[in-house]
Amino acid sequence: MSVTHDDVLKIARLAELDVGEEALPLLAEQMSRILDYVRQINSVPASEALRPFVPGPDAAHFRPDDVKPWPLAFGPEKLAPAFKDGFFLVPKLGAFEVPEA
Amino acid sequence: MTDPSEALASANAAADRLVRAKRLNACITPPRELRKSLVAQAQAAHPSGVLYGMPVAVKDVICTLEFTTTCSSKILEGYHSPYEATAVAKLKAAGALIAGKTNCDEFAMGSSTEHSAHGRTLHPFDKTRVPGGSSGGSAALVAVGAVPAALGSETGGSVRQPASLCGVVGIKPTYGRVSRSGLVAFGSSLDQIGVLGRSVHDAARVLAVISGRDARDSTCEDRDPLRLPNVPESLQGFVIGIPKEYFPPDLDPAVRRACDRAIRLLKELGAAVREVSLPHTPYAVPTYYIVAPAEASSNLARYDGARYGPRFNGAADVRALYRSTRGEGFGAEVRRRILLGTYVLSAGYYDAYYRKAQQMRALIAQDFRNAFDRGVDLLFTPTTPTAAFKAGERLGDPVAMYLSDIFTVTANLAGLPAISIPIGRIKGLPIGGQFIGQAFLEDEMLEAAYALERVVPATEEA
Amino acid sequence: MAGPAGTGGPGGAGETSGWETVIGLETHVQVRTLSKMFCGCSAAFGDPPNTNVCPVCLGLPGALPVPNGQALKLAARAALALGCTVHARSVFARKNYFYPDLPKGYQISQFEQPLATAGSLSYLSPERGLATATIGRLHVEEDAGRSLHDRFPGYTAIDLNRCGVPLIEIVTGPDFRSPPEARAYLLTLKQVLEYAGISDCDMEKGSLRVDANVSVRRPGDTVLGTKVEVKNINSFAFVEKALVAERDRQIAVLEGGGTVEQQTMLYDSKANTVRPQRSKEGSQDYRYFPDPDLPPLVLTDEFIAEQQTLLPELPAKKRERLVEKYALSVTDAAVLTADRAVADYYEAVVHAGADAKMAANWVMTEVLGDAKDHGAALRVAAGALANLIGLVRGGTLSHQAAKRVFAEVAERGGEPRNVAEALGLIQVADTGVVAGWVSEVLAAHPTEVSRYKNGETKLQPFFVGQVMKVSRGKADPKLVQKVLEEKLAS
Chain X
3 MSVTHDDVLK
13 IARLAELDVG
23 EEALPLLAEQ
33 MSRILDYVRQ
43 INSVPASEAL
53 RPFVPGPDAA
63 HFRPDDVKPW
73 PLAFGPEKLA
83 PAFKDGFFLV
93 PKLGAFEVPE
103 A
Chain U
2 MTDPSEALAS
12 ANAAADRLVR
22 AKRLNACITP
32 PRELRKSLVA
42 QAQAAHPSGV
52 LYGMPVAVKD
62 VICTLEFTTT
72 CSSKILEGYH
82 SPYEATAVAK
92 LKAAGALIAG
102 KTNCDEFAMG
112 SSTEHSAHGR
122 TLHPFDKTRV
132 PGGSSGGSAA
142 LVAVGAVPAA
152 LGSETGGSVR
162 QPASLCGVVG
172 IKPTYGRVSR
182 SGLVAFGSSL
192 DQIGVLGRSV
202 HDAARVLAVI
212 SGRDARDSTC
222 EDRDPLRLPN
232 VPESLQGFVI
242 GIPKEYFPPD
252 LDPAVRRACD
262 RAIRLLKELG
272 AAVREVSLPH
282 TPYAVPTYYI
292 VAPAEASSNL
302 ARYDGARYGP
312 RFNGAADVRA
322 LYRSTRGEGF
332 GAEVRRRILL
342 GTYVLSAGYY
352 DAYYRKAQQM
362 RALIAQDFRN
372 AFDRGVDLLF
382 TPTTPTAAFK
392 AGERLGDPVA
402 MYLSDIFTVT
412 ANLAGLPAIS
422 IPIGRIKGLP
432 IGGQFIGQAF
442 LEDEMLEAAY
452 ALERVVPATE
462 EA
Chain H
-4 MAGPAGTGGP
6 GGAGETSGWE
16 TVIGLETHVQ
26 VRTLSKMFCG
36 CSAAFGDPPN
46 TNVCPVCLGL
56 PGALPVPNGQ
66 ALKLAARAAL
76 ALGCTVHARS
86 VFARKNYFYP
96 DLPKGYQISQ
106 FEQPLATAGS
116 LSYLSPERGL
126 ATATIGRLHV
136 EEDAGRSLHD
146 RFPGYTAIDL
156 NRCGVPLIEI
166 VTGPDFRSPP
176 EARAYLLTLK
186 QVLEYAGISD
196 CDMEKGSLRV
206 DANVSVRRPG
216 DTVLGTKVEV
226 KNINSFAFVE
236 KALVAERDRQ
246 IAVLEGGGTV
256 EQQTMLYDSK
266 ANTVRPQRSK
276 EGSQDYRYFP
286 DPDLPPLVLT
296 DEFIAEQQTL
306 LPELPAKKRE
316 RLVEKYALSV
326 TDAAVLTADR
336 AVADYYEAVV
346 HAGADAKMAA
356 NWVMTEVLGD
366 AKDHGAALRV
376 AAGALANLIG
386 LVRGGTLSHQ
396 AAKRVFAEVA
406 ERGGEPRNVA
416 EALGLIQVAD
426 TGVVAGWVSE
436 VLAAHPTEVS
446 RYKNGETKLQ
456 PFFVGQVMKV
466 SRGKADPKLV
476 QKVLEEKLAS
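Protein chains in written order, with my numbering: chain X, 3 to 103; chain U, 2 to 463; chain H, -4 to 485.
In isolation and in its complexed conformation, chain X is listed as follows (with noise of 0.2 Å):
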């Protein structure tokens, strides 16, 4: 089962990643190639009980409800490629859907 030209541009639209037409076929192939090699984890029978594994706490520890900000060394607008009047700013929404509120 191969990954085509057009799998590979959904996907990119999903992850929103520019992917030149010069680079499909050598993608497709890789991720085809990557998709054969990782899919032989099916030919081991795994019950649908079987409860996923994941390292760290068994439980989350909840935090206080206190108002104290991680003080940062120095603020947004430092670290912003475009802010104005307090605002982080980015091109027009255009190709996206007029926003929810």
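Simulated from the structure, these hints should not be mistaken for lab results. There could be a bad hint or two in this list.
Unchecked claim - So the derived label-pair ranges between C-beta atoms look like this: (1) U:G120 x X:L26: 26 to 36 Å; (2) H:G253 x X:L26: 36 to 46 Å; (3) U:D253 x X:R35: 52 to 62 Å; (4) X:K86 x U:D127: 21 to 31 Å; (5) U:K23 x H:Q258: 51 to 61 Å; (6) H:Q258 x U:D253: 52 to 62 Å.
For every residue, glycine included, the Cβ atom is placed at its ideal position computed from N, Cα and C.
Given the coordinates of chain X, work out where chains U and H should sit on it, guided by the hints.
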């Protein structure tokens, strides 16, 4: 060291050594900036700290205030983090000096430090070869003695594998032992900050300092402090398991010889050695290459040019901004893993890939538990299937590169601690052997490592 | 674009010219905490942009989430208030999508294992009487920031203050059969959540937001029609209008022989229409997976039990109890319990000794009227109101006079009796003084007295009026009548 003048001398000496090591392309901090910072740090450091004056280099996926954090990527070119990683803060509180940032595979994705926006790092002893990855810069600097220790990070073996290839010690702690706050996330359920050191002692000292509960990381556990054991006289009472799946028939004979020699020495030290089986081992690499890219695809979604980092201009609208920034800012390996990760999480594939892979993890973790429950204290295995390979050799086929991690990914998948120490040479190139320990029992693992380190002829041909 | 609303029939009917409307609601409510869901930044509304931010809510490289215990307590309490089963173990999941106000490129939410499921809420449907909405799930998540599109031409401005504020999402089944019904549920939900202290549910401030799913079908059909999502509804009033607009649009499509397309519509309040969200390439795939930065959410029995004890008497129960205990009408009880503070106030007034029915009238008229003009403040203390009511009941003050005293006490405080005396409003109930006034009046109007004695008893109010005039309103009218009767009889 207790004297500010000693710290200052240490700072300048480190700066000198790092300049001499420039040819390796392992340290990405410009030398002048580095010296200036080291000197300033030496003056401000806490004299009573246990690591006072010790220069420690830091992999460029770990946030520091002193230097930029680029993750060896164009998408974070020039990025100054406004906060520092908890592990770095702890080093500084112990009086250590942050000796610059080290080169790595972009966003820690790779096994050779060839996928870097700063160019590849050279193997310390053979410039045509790779130092391993993704923490290749840290390993190379420690190998040439530029710094006694360096922080690296592990997701699938990225501290132990370069340690093996460069002939240094590399420790991966139990998942949850060291805070991940400030470690730029790649595979969140696998990531841990680890330590490269020129000896078990150096690496372990640093690990003890950076370990401990952190209120800023929900996955960091509240445990008793890491105990640094004394070097034991013998390993009497230790039961060491040798998992047969790590010694397949096609294992490189030189690697096998080096491991056999080490195992013989373990027996001579008094350990009981026993063969065990971890039957799901062959599925570890495929499992890893589903889980890690999946989590990475989500962790790297925040890099879009909107709030920090460079912006690849000329975008007509915000979606074009995202796509061009991410298309141009990420390198080929990272792009590939993001696409792969997005695919295995997407509708229709989630159950067959991601969900199944997490179940496989349970089976792999169960294999280890079974071995430990049957009385085994530690496991001993080769760290890497080969010594350092040639630069460019594995870039054509991604799966070939992935197979470099064949002996290391299991510890990440199971969340277990592991340590690689040099155990010999193969045609002059270093090779490592690793102990895999039980969760939060790093001290037992360190005892065995100390003991073996003392007797193994690490610079002799296998 | 669909035509203006109202072409399909009245907003009220569940069946509109041969169609049944089916509506489900998804409500997002900000829970009342001081700090954000996953970091210690302030969750306050209205601060200057990007001043309540930190590495976590900015989505900076390396920053990790740490959950707010109070948010989880309030979420559990809300779930219990809505009759849900609160699960001891639930899981945070990442909802992955790209948007300017979502800095991590994913929202931490819950998916396969939410905090609570299987609840219900009774409400009064305008058409069907007492109805029950099913609550399919209630889960916890973090809010996104705000994008402003019109502030700088050519740019979108992003403020991340709101990013990370704790939200609960409450999802009903396809339970509502008309727009007014959906609105009635929403108002009841708001009331319950306010009672339980979860949120102030202010749609203007964005602490309550609602999206709707709407479909239509022929009455009797068991299969649901294609559902369309409606978003961008910014007030309770607009809820009904938006739903009417979408319902009518679907009916028009179907009656025109077309089929309803599954899509998302946005409500445009200025034009009172719905229009399609500009189509995305393909539908959204959120690629949910459990968030590896957060261990499972485990709530102990004690934790859940504590939230149960912290639940106040909820509106429906309180209404029933007031009707029973104080013999109030259902309507009056509903008015008194609409707001928890008012309900508590009413009961305090009664406990301070006031007659239950009189207290009800006073609270519903004077108190609520005054509160409306003064930012919902209940300016007269419960004890003071009880005293005032006592004065009226005992005949010391006329109702009119008491209203004046109320206004005075509300504005400048003071003890009602003292204020009444200071204003000279105390009714005179001294028989002697009243008799004097009556005599005065009778003496001044001999013609009318004769006429009365000759049978024109309808002149009695005239005499009472005159006595009130002569006494400058201070005479107790009941006593005046009594004395008058006696004197005229003699």
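For each hint, the structure was consulted:
no.	hint	result
1	U:G120 x X:L26: 26 to 36 Å	holds, 27 Å
2	H:G253 x X:L26: 36 to 46 Å	holds, 38 Å
3	U:D253 x X:R35: 52 to 62 Å	violated, 24 Å
4	X:K86 x U:D127: 21 to 31 Å	violated, 53 Å
5	U:K23 x H:Q258: 51 to 61 Å	holds, 59 Å
6	H:Q258 x U:D253: 52 to 62 Å	holds, 59 Å
Hints 3, 4 from the earlier list are contradicted by this structure; the remaining hints agree with it.
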